[in-house]
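Based on the hints, put chain B in the right spot on chain A.
In order, the protein sequences belong to chains A and B.
Following our numbering, the numbering of the first sequence begins with 185 at its first residue and continues without gaps.
Following our numbering, the numbering of the second sequence begins with 185 at its first residue and continues without gaps.
Some clues are possibly wrong.
Since the list gives no way to pick out one identical chain from another, each pair is judged satisfied if it fits inside one copy or across any two copies.
Claimed, not checked - Below, simulated DSS-like cross-link-like pairs (lysine-lysine); rule was C-alpha separation at most 25 Å, straight line:
#1 K187 - K789
#2 K754 - K809
#3 K352 - K677
#4 K809 - K203
#5 K469 - K809
#6 K187 - K406
Calculated from the structure, these hints are not laboratory results.
Number of protein chains: 2
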Amino acid sequence: MEKDIIANLKTLSIDMINKAGSGHPGITLSAASIIYTVYANHMHININDSKWVDRDRFVMSAGHGSALLYATLYMCGFLTLDDLKSFRQLNSKTPGHPEYNVTPGVDMSTGPLGQGFASAVGMAIAEKHLQSLTEEELINYNIYVLCGDGDLMEGVSYEAASLAGILKLNNLIVLYDSNRISLDGETNHTFTEDVLERFDALGWQVFSVGNKVSEIDRAINKAKKSDLPVLIEVKTILGEGSLLANTNKIHGKPLTSEDISQLKQKLNIPEEEFYVNEEAVNYFKNKIMTRSSEKYLNYQKAYNDYETSHPDGYLVKFIKGETNINFNDMTIDFPQMLATRDSNQIVMNYFSEKNPLLFGGSADLASSTKAYLNDEGDFGPNNYKGKNIWYGVREHAMGSISNGLALSGYLPFCSTFLTFSDYLKPAIRMSALMELPVVYIFTHDSINVGEDGPTHQPVEQLASLRSIPGLIVYRPADFNETVGSWQNILINKKPSAIILSRAKTYNFKATSNVMVKNGAYIVRRETGKLSAILIATGTEVELALKVAEDLKKDYDIRVVSMPSVESFKKQNKEYQYEVLPVGVKTFFIEAGSSFGLRDFVSSEKYLININEFGASGKPEDVLKKYNFDYDSIRKKIKELL
Amino acid sequence: MEKDIIANLKTLSIDMINKAGSGHPGITLSAASIIYTVYANHMHININDSKWVDRDRFVMSAGHGSALLYATLYMCGFLTLDDLKSFRQLNSKTPGHPEYNVTPGVDMSTGPLGQGFASAVGMAIAEKHLQSLTEEELINYNIYVLCGDGDLMEGVSYEAASLAGILKLNNLIVLYDSNRISLDGETNHTFTEDVLERFDALGWQVFSVGNKVSEIDRAINKAKKSDLPVLIEVKTILGEGSLLANTNKIHGKPLTSEDISQLKQKLNIPEEEFYVNEEAVNYFKNKIMTRSSEKYLNYQKAYNDYETSHPDGYLVKFIKGETNINFNDMTIDFPQMLATRDSNQIVMNYFSEKNPLLFGGSADLASSTKAYLNDEGDFGPNNYKGKNIWYGVREHAMGSISNGLALSGYLPFCSTFLTFSDYLKPAIRMSALMELPVVYIFTHDSINVGEDGPTHQPVEQLASLRSIPGLIVYRPADFNETVGSWQNILINKKPSAIILSRAKTYNFKATSNVMVKNGAYIVRRETGKLSAILIATGTEVELALKVAEDLKKDYDIRVVSMPSVESFKKQNKEYQYEVLPVGVKTFFIEAGSSFGLRDFVSSEKYLININEFGASGKPEDVLKKYNFDYDSIRKKIKELL
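With the rest of the complex left out, here is chain A:
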């Protein structure tokens, strides 16, 4: 029966790719036995409750293997045969690469190589943490990953693997489809390293097996008992059974009809398109369901008991995801002057007490970003209860792992310097694509970081982040706006970036946490006839207010703080015109690139920005060099009025 199911997985995949006219047949033929073994013999899932918290996770890191995954999910009962027939068509449940929230049973979107592997490490961290905070044995699941050579060549998978080794994440089982062919050809040009030795060096347990269910199964059983994360190398043949087997020609194009015929013959499957061996499918489905339903029922019972005995238990809060924060009743003390990175530390610690889902860390810069939960301890192999993750200098993995935490139900935060946000851009994009509530905290937000020089001084990063669809970027001016930014983050649960200063700024009476949701609002109103508007963000709000005050004898200036450009753009036109009436000289002051800010001013001469790389020197010298010191800005504005 086993053979029949695997053969049918293969032919369904091939038929899907053939019908769609595009896709990746190679991996569907090499990895069918692997996915079969995982689902038939190990996965605990429930087709009626696809987001069951205690289910096992499966991450198709080699996302181009989507057809094989969908064929499997069809056999599980998540998808219909019609779904398979509409593979890669618009609005189908079976898109070109797996997409979270589109296909039931798909635990994350994959495609960009390495992301699945790294986010799976985040899922493994989440499971360990959740288990440690749950009094009963309610949470106990594994994360299975199917990856290929490409995933393991990506730096992000190395970063995440190194961390998984340190953290002894023995709930993580990676199946490596080792076919040694990639898109451009054989990997003897590109991937000759000893992968097993490398993972051993990283503190993993490693196995190497042939492409047989019995061998794979034995290795998974050993893996489940391991104290370490496990890599199982399965030596496969890319496109096994095809006439193009073991060449890169099988990687990314549909097979010819001749090839499909001979393959089906070899596999003892009728030629008929989308043929389904009903008996085999039922056998497979039953196998999964029998095992899973036992666990599911036990879980349900245990959870009900737990909820009764622990109405305030961590898992209850976790599952309800409600935070019940009364934002009107906030009492936090804070000093008159404070860098927003320090404001952020106070605020995130305040909210962490109220929202137990906050969980995250820094890429070896917690001392500088101050993004640290003071009373929550460090997460580590001896303390999975800790809520501060030490990511090391691994920004990219930090981002991808945060996605894994969010996919597991957490509200993850992570932090580094704004200039290094570049390192994790691919992961931020995945957060935005999956609409995950990850909070990216980026500090040291302008050239006034000073002496560290241009490599450490962000210029274009704000523009780059603001250009990502669906990401909400906050650059608070002070403590109040930092509070407001977090309130929005906690209410909206959207992918967010919060951009913070190292330089101290005043905490103003005119700023407002409530107004942050509007994206921009008036912090200084003209008294009579409006002469000009100064829009500013972050530390530049203080500067704008000072200019307005200094010029008040001659000009009646309004100052608008714009902590979130995207949020302001989403407001209705009425509000936008109220804040920024047309026909008024309007300036935009921000210590970064003007790229994307032209929307708010009538001519580029009103953009007061920095469009070149910074320089190493005292902050005041550097600001002066770029005419971004107070005097230069006041002078420029005065001249233009």
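Structure of chain B alone, referenced to chain A:
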């Protein structure tokens, strides 16, 4: 004497950091013996010819160790004591992190961790390639890297190291300052892997030695004879000698005066600030110069002989860097319809024949990006003459290695899909910062890649690239503009990105290679009274021309092709107004984010773009979904006219 020099390197570094009031003392104390050994006993350099092609390279990958590097360069004779005294001040030769083109003797800008290591692999590739193409034994140098734990945690260094192992780059010698402390604390939280075993798995030779000149020296001597790249772990103590030694407190803050006093006492150095032991310095300088000048004179002689006997020899062309391409005398045949990725393949192969410095590769997508030099063979351990590098699925390392190639005198190209440009953003930023002539080739440039879905469909990437200061982005409409883009790249030698389509487009008579340098120009002129202007880039130029033609009965429309937004912004106002007169309804059509394009239109309603993530489906279905199909666009424009 050795001890005195090392002690003096340490105290000069500490004095620099103390005077500047910021910097990183920890590494200057742990790594002084390492840098001493490399420079005193191994480096071949010439202070009067700091860019000598056959010099050894030194890359301070742990860029925060800049003070130690500057102290060493002072002792070599590259810098003065006054330079050291102005450490981290504006316009000094001694910025906070090492900067290429600012400090003589600095072989690359470093600071963002991992970049130095990865670019050094590029330098090692360059040396192998240049040596293989040079008939005589003229080229023969080593690349020394000093790196720390942080560098080795970064994914990009893993990617580059794996490739260095495959390519057997035995000219690469990495000295690893293994102090096991990083900014946030001890690395037992973050870096417990067996680094030596990992590098062994990657095909490197590894050594582990104590922090003694004799031990380090012996290892370097062995490394020079190795057939493999070499990692030498030097077990050090962070901030050795300081009262804060072996803690993270010594990492990034100046020492107290008390600490400096006791340190100088320990090191037997007078308390006096910036004390120089002249005798020691002279001894050190002489040691380097004696060894180097012998090699330099031999090189000079050999080069003169070579130039005489091989006036057209590769090294002569390489050093002169002249290409002498007559752009007016180009005869290339090309078909009427062609995807710009295919145009690019023809064009880059054409120019490669004329410019021998083109050298590069793809991150396992050469079959799709078509960025491949057809007659130049593959670079590999058995053929260092090859000009196509197989990077594997290692986008980030590909970018950093390209920087290393450019720093070594090449004109490197590299390629992947536009959506994956995110993976190498940190490297692109380094190209831009150092103003290196790297050509980034990004294909599959819009949502019309179709079935592969949103992970593979770029939306915000053009905006992100255009926001990088100093990077010139080209999106040619057809064959002519692809030629023009390459002409500008070859003439300007600036960091560039060329954005190409998978979809076929017409090759127009109205387009012009010559006009690309202006950034934008008219490809369809109104016949009478101008009704509207359609700006378009890339594949959208064809679409814009079609709309203009279709609406010509009612409207007299000009079409402007804008292959390079940055280049157009650099034109004088006169030209800009000539192409885009004020007061005319102007549309901007581009299949990507509108972010940053508002500069060219009077209202956002004239922006015809895509500001959300794509979807998986047939290209025509996907375009329709986003109202970016021909009919929707024509309709929208008509309504607004």
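Evaluation of the provided hints:
1. K187 - K789: neither (71 Å within a copy, 58 Å between copies)
2. K754 - K809: between (36 Å within a copy, 21 Å between copies)
3. K352 - K677: neither (30 Å within a copy, 49 Å between copies)
4. K809 - K203: between (61 Å within a copy, 22 Å between copies)
5. K469 - K809: neither (69 Å within a copy, 36 Å between copies)
6. K187 - K406: within (23 Å within a copy, 54 Å between copies)
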